[in-house]
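Protein chains in written order, with numbering that gives the first Met the number 0: chain P, 0 to 163; chain A, 0 to 163; chain Y, 0 to 82; chain R, 0 to 82.
Honestly, the hints are just simulated from the structure, not real lab data. Wrong hints could be hidden among the right ones.
Said to hold, decoys possible - Among the chain A residues that face chain P by a calculated CB cut under 10 Å, a handful are:
id	residue
1	Val11
2	Val28
3	Thr32
4	Ala58
5	Asp113
6	Ser139
7	Asp141
Claimed, not checked - Below, a sample of chain A positions facing chain Y; criterion: calculated Cβ distance under 8 Å:
id	residue
8	Thr117
9	Phe121
10	Trp133
Stated by the list, open to error - As a list, the in silico DSSO-like pairs of lysine-lysine whose alpha-carbon atoms are at most 27 Å apart:
id	chain 1	residue 1	chain 2	residue 2
11	P	Lys137	R	Lys47
12	A	Lys137	Y	Lys68
13	Y	Lys47	Y	Lys11
14	A	Lys132	A	Lys62
15	Y	Lys11	A	Lys132
16	R	Lys68	P	Lys62
17	Y	Lys47	A	Lys132
18	P	Lys62	P	Lys132
19	Y	Lys68	Y	Lys11
20	R	Lys68	R	Lys47
21	R	Lys47	R	Lys11
22	A	Lys62	P	Lys16
23	A	Lys62	Y	Lys68
24	P	Lys16	P	Lys132
25	Y	Lys47	A	Lys137
26	Y	Lys47	Y	Lys68
27	R	Lys68	P	Lys16
28	R	Lys68	P	Lys132
29	A	Lys62	A	Lys16
30	R	Lys68	R	Lys11
31	P	Lys137	R	Lys68
For glycine and all other residues, C-beta sits at the position ideal for the given N, C-alpha and C.
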Amino acid sequence: MAIRVQSEDFDVAAETKALVAGNTNIGAVVTFTGLVREIAGGEAISAMTLEHYPDMTEAMLAKIEAQANDRWALDASLIIHRYGRLEPGEQIVLVITASPHRQAAFEAAEFLMDWLKTKAPFWKQEATVDGEKWVAAKASDDDATDRWTENFPESPAKIVVAKG
Amino acid sequence: MAIRVQSEDFDVAAETKALVAGNTNIGAVVTFTGLVREIAGGEAISAMTLEHYPDMTEAMLAKIEAQANDRWALDASLIIHRYGRLEPGEQIVLVITASPHRQAAFEAAEFLMDWLKTKAPFWKQEATVDGEKWVAAKASDDDATDRWTENFPESPAKIVVAKG
Amino acid sequence: MELLYFAWLREKVGIASESVPLPDGIADVGGLLTWMADRGPGYAEAMKDLSVVRVAVNQEFAHSTDPVKDGDEVAFFPPVTGG
Amino acid sequence: MELLYFAWLREKVGIASESVPLPDGIADVGGLLTWMADRGPGYAEAMKDLSVVRVAVNQEFAHSTDPVKDGDEVAFFPPVTGG
Numbered sequence: 000m001a002i003r004v005q006s007e008d009f010d011v012a013a014e015t016k017a018l019v020a021g022n023t024n025i026g027a028v029v030t031f032t033g034l035v036r037e038i039a040g041g042e043a044i045s046a047m048t049l050e051h052y053p054d055m056t057e058a059m060l061a062k063i064e065a066q067a068n069d070r071w072a073l074d075a076s077l078i079i080h081r082y083g084r085l086e087p088g089e090q091i092v093l094v095i096t097a098s099p100h101r102q103a104a105f106e107a108a109e110f111l112m113d114w115l116k117t118k119a120p121f122w123k124q125e126a127t128v129d130g131e132k133w134v135a136a137k138a139s140d141d142d143a144t145d146r147w148t149e150n151f152p153e154s155p156a157k158i159v160v161a162k163g
Numbered sequence: 000m001a002i003r004v005q006s007e008d009f010d011v012a013a014e015t016k017a018l019v020a021g022n023t024n025i026g027a028v029v030t031f032t033g034l035v036r037e038i039a040g041g042e043a044i045s046a047m048t049l050e051h052y053p054d055m056t057e058a059m060l061a062k063i064e065a066q067a068n069d070r071w072a073l074d075a076s077l078i079i080h081r082y083g084r085l086e087p088g089e090q091i092v093l094v095i096t097a098s099p100h101r102q103a104a105f106e107a108a109e110f111l112m113d114w115l116k117t118k119a120p121f122w123k124q125e126a127t128v129d130g131e132k133w134v135a136a137k138a139s140d141d142d143a144t145d146r147w148t149e150n151f152p153e154s155p156a157k158i159v160v161a162k163g
Numbered sequence: 000m001e002l003l004y005f006a007w008l009r010e011k012v013g014i015a016s017e018s019v020p021l022p023d024g025i026a027d028v029g030g031l032l033t034w035m036a037d038r039g040p041g042y043a044e045a046m047k048d049l050s051v052v053r054v055a056v057n058q059e060f061a062h063s064t065d066p067v068k069d070g071d072e073v074a075f076f077p078p079v080t081g082g
Numbered sequence: 000m001e002l003l004y005f006a007w008l009r010e011k012v013g014i015a016s017e018s019v020p021l022p023d024g025i026a027d028v029g030g031l032l033t034w035m036a037d038r039g040p041g042y043a044e045a046m047k048d049l050s051v052v053r054v055a056v057n058q059e060f061a062h063s064t065d066p067v068k069d070g071d072e073v074a075f076f077p078p079v080t081g082g
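Given only the sequences and the hints, what does the whole structure look like? Please build it.
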């Protein structure tokens, strides 16, 4: 598994080819590509800016890789996440999974996307006619992640502090 | 939704681009590509030949399209299935789904693949050192399809005939 | 009616398709299958284990109680293995 | 210790990072957050609703009872919204 965090765009076909080439054990390849939508939360956006915490993404990778490989027989996988300013229609994120069988490839791709949505340290700011707005996290994304495990070891639990 | 049944190879990148281009309502694109494996059921295969029943595939398409669109908000989807002789590493099948949201895109892609595996009239014959062998259907594929519905209207139920 | 055979069913029967008149007294898929098994060694072999035979009438999966009539296209094949 | 701020937390605090010595008497994430809220209006504003504040100590998500010590890298940020 590899993860790349970059401002540049990516080429899904070239990345897929590089992952799969020459490995005839692979029977199933799933790609997920996330794109910037023109309408988000009912409002038109002209652009989106992604901020991130690179050291933490790197630190988390070994764990997520181990979890994915414990769970599924993957021949190859790749995550690319962009940062910086992106316009509607542009690619934000890519997940590719390759396995002998389709169920493993589908599940691992969904797992990695759920992980990215709830655990990977990226933050989106949308530019609307009313100005720049930070996107709020969705409870539905936490729910999606919860299906993979109870007691996710690096769960970003709410901080509870006794006021005193 | 479109379905194409063809002997020629396909270009995932070009097909994806054609589906998604200019639609900034799309936030999630999932592609599934099925490849011919060199080892199948523990045996090395040198090639695979796919036979099909074209009129029935066409006739089934309207139903599966209606079901997928009833269930999920899809902006676009495409199925390509090849027939004829294919060698290990070659592409067999492509499913692409595009939706505003990732869950719909993932689920619809899995649904369409489960449908192809259990309902679409294609049959694989593998060439091994022992000769040509027709591939047997897997019960696990029927199970995968069953998760989408009870009483699937065009379920290929076993034929029970009273012997007399 | 038009009868079609696919995959190993086609190989056992020995032909890919044939036109036959609706047999006397046959009104449903189950009746047609019983009649088919009596048409000769290839047909008998093809219909030996009906747990691995699927039938489509006019391009739709059919059960043994579904009707057949003259002019129908009836296809016989093993469980599908595409995708 | 090195303190990092991201997204609207960074905007409210007004800086992206700073080095501070471990405050006297602070030994865990919860203590650090209480101390942070008292450092000035920007910090108070940033820490006003802790239900939308997440903390990572040395690049790992941390709970309020997790320890902090001098030399740690502690990051404060809203729930993530990537992917």
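task: Would you list, in rising numerical order, the hints stated earlier that this structure does not obey?
output: Hints 4, 7, 12, 14, 18, 22, 24, 27, 28 and 31 contradicted; others consistent.
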